[in-house]
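**Q** The residues making up each chain are set out below.
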Amino acid sequence: MSVDAPILLEVQDLQKAYPRAGDPRARFGALLRAIAGRPIARLPVLTDVSFRIRRGESLGIIGPNGAGKSTLLKLLCGVLHPTRGTVRRNGSVGALLELGAGFDPERTGRENIALSAGLVGLSGEELRRSFDEIIAFADIGRYLDEPVKHYSSGMVVRLGFAVIAAMRPDLLVTDEVLAVGDESFQKKCIRWIEGYLEGGGTLLLVAHSMYHVQKLCRHALWLHEGRVQAYGDVFDVTQDYLAWHERKSARELGSDVEADYSGSEYRITGVRLNGSEDGSLLLAAGEALAVEVTLYSPDGASPHFGFGLLRADGTPVYGSTTEIEGVEGRRIDDSHLRYRLLLEALPLLPGSYTLKLHATDPEGLRLFDTVERGVTIRGASREFGMVRLAHRWMDP
Amino acid sequence: MGPAPTAPLGPITRRFLAEDLRARFQGNLAGAAWTIIGPLLQLAVFFLVFVHIFGQRVPGLSGAGVVGFLALGFWPWFAFSEAVARATTALQDHAGLLAKVALPRAALVLARVLAPFVLHGAGFLVILVLLPVLGVGLDPAGLPLALLLWLPLLALAIGFGLLAATVQVFVRDTGQVIGHLLQLTFFLTPILYARELVPAWLQPALDANPLTGIVTGLRVALLGGEWPLGALGVSFTAAVLVLFGGSWLFRRCTPLFEDYL
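Chains as they are written, first to last, in the working numbering: chain A, 138 to 533; chain B, 106 to 366.
Derived pair list, reagent style EDC-like, types lysine to aspartate or glutamate, alpha-carbon separation capped at 20 Å:
#1 K385(A) / E414(A)
#2 K493(A) / E402(A)
#3 K286(A) / E124(B)
#4 K286(A) / D198(B)
#5 K493(A) / E414(A)
#6 K286(A) / E248(A)
Okay, the calculated bits of chain B under chain A, using three or more residues with CB under 8 Å as the criterion:
#7 113 to 124
#8 199 to 209
#9 353 to 363
Think of the hints as simulated: they come from the structure by calculation, not from any bench.
All values derive from a computational prediction rather than experimental measurement.
Glycine included, each C-beta is placed from N, C-alpha and C at the ideal position.
The shape of chain A in the complex, shown without the other chains:
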């Protein structure tokens, strides 16, 4: 993508607001106000969104549910009208917004290909030329001549994607569709999109899978409660977004560290990660992680401390305990002791991780308390997996 590539889509101060749900009388009032050219009371769902997409770019739109992602896409492809602001399109837009949009469930797949091709602006001649290609891409076999109402959701997406693929729009807009198809169709779609991008296509993708966003997009826009929270390089934005999620779930877990606990169990009463007591931590790849925990002991005995690192999806990466490694804590007072741990030059690949901290009994047998902390490793990397294994390339 070059900086002076033509602008394909320009969005300026876009705002969308829906009127409050109204009774029949309010609806009639709305009609009269519309005729008189007067505004209607509305609730904003999207506020002050501005960005531009140049030909050849790829932009991922991310954000939690209800952030306005779908509304934004619908505004971009003309299904919705902006309440304020402008959307300027400079080429054809192919949109795959929802499952089976524009399909007639009573008609066969073959008939629906013709119908939706007409809706997306494919001429009869273009359709004839690409009909076989569409059928091959959808790859739904004998279902092609069955009514669409008998299709699985995956098959509907296959058909929809095949039609859009044949259209080869200047700008492709898709909403979460990659999440529906099966593994092999997802791969096929991703291959197609990659080819489309290589061939100068432009992509706007809404996805909850950061993997898909990072794989397909160079830029990302994070929408939060109808506003742009961040807009820029895909790795920066997605990592900030994941970190935000971590903080949010840490908050939802509540203040799990009770500093003035004085009951009858072994407890974690203080956690500091790199000197900070925040719920989550943002690290650059290769940075060090210093963990300091304070444990409470009701009987003066020395409880042990264990830690574990997990990937966000729960896959364990590494864990150990002071009991295994024969480490003693430092006593602070009668009922508290402290452990300090340093993970030097963390070899974790960029992504989102969970650090679990445990208090066990002095025998290291029974688990008494667990505290979780989010750790996000920033940075861009094309390596695979979770951990960078020490390695070097030898002289071939």
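Go by the hints and put chain B onto chain A.
**A** Showing chain B alone in chain A's frame:
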């Protein structure tokens, strides 16, 4: 601002029109032959009811002539009334599609108006062939004028259709009201009766109905008589005003459809 739908109005209208027509004939044994069978049966009903049961008289016309007189009034009415009635719910019926696909909204209304005009327009051509067979003399020289009169009729149907479809989005009672209004209009239009039979003091009111000039004009063109120039003036003026008025309202309210559908 505003939408730049990917597809232009014309082809999308054609697509929905073709869909509409296809849906009507699909699954019928006789299929598109109904375009001819329908008018034939309708003429037979007119003959039975109006000539034999009611013994309807129109000044200067014989039994078969009465059927011709009625047919020339009924077919434009079929097209107009069906067009307006079906256009009213055009947007509402496609709410799901409009929420997902960017398309020119007017295409849905236009297709709903054009379908009855295609069908009953074809039916009209069929009866133009049938009537002489039944012994009703039609003036071939009047044919171009008769066909020309379908233009203001179409313009009125599109204008009222756009208007009704727009209002229906906001006020769901519109469909009901339109049904009754059409029924009233049917009796206030000289379809069952001749314009000349109305008392002289009522004629100006009748002529204010834009359909009066069209229906009466059609009969004058094909059966002869005196041109209702005043009523025709009303028809053409109203056609232009209603078409532009309906389009204006439709365009003005288009950004709000998504909020109220």
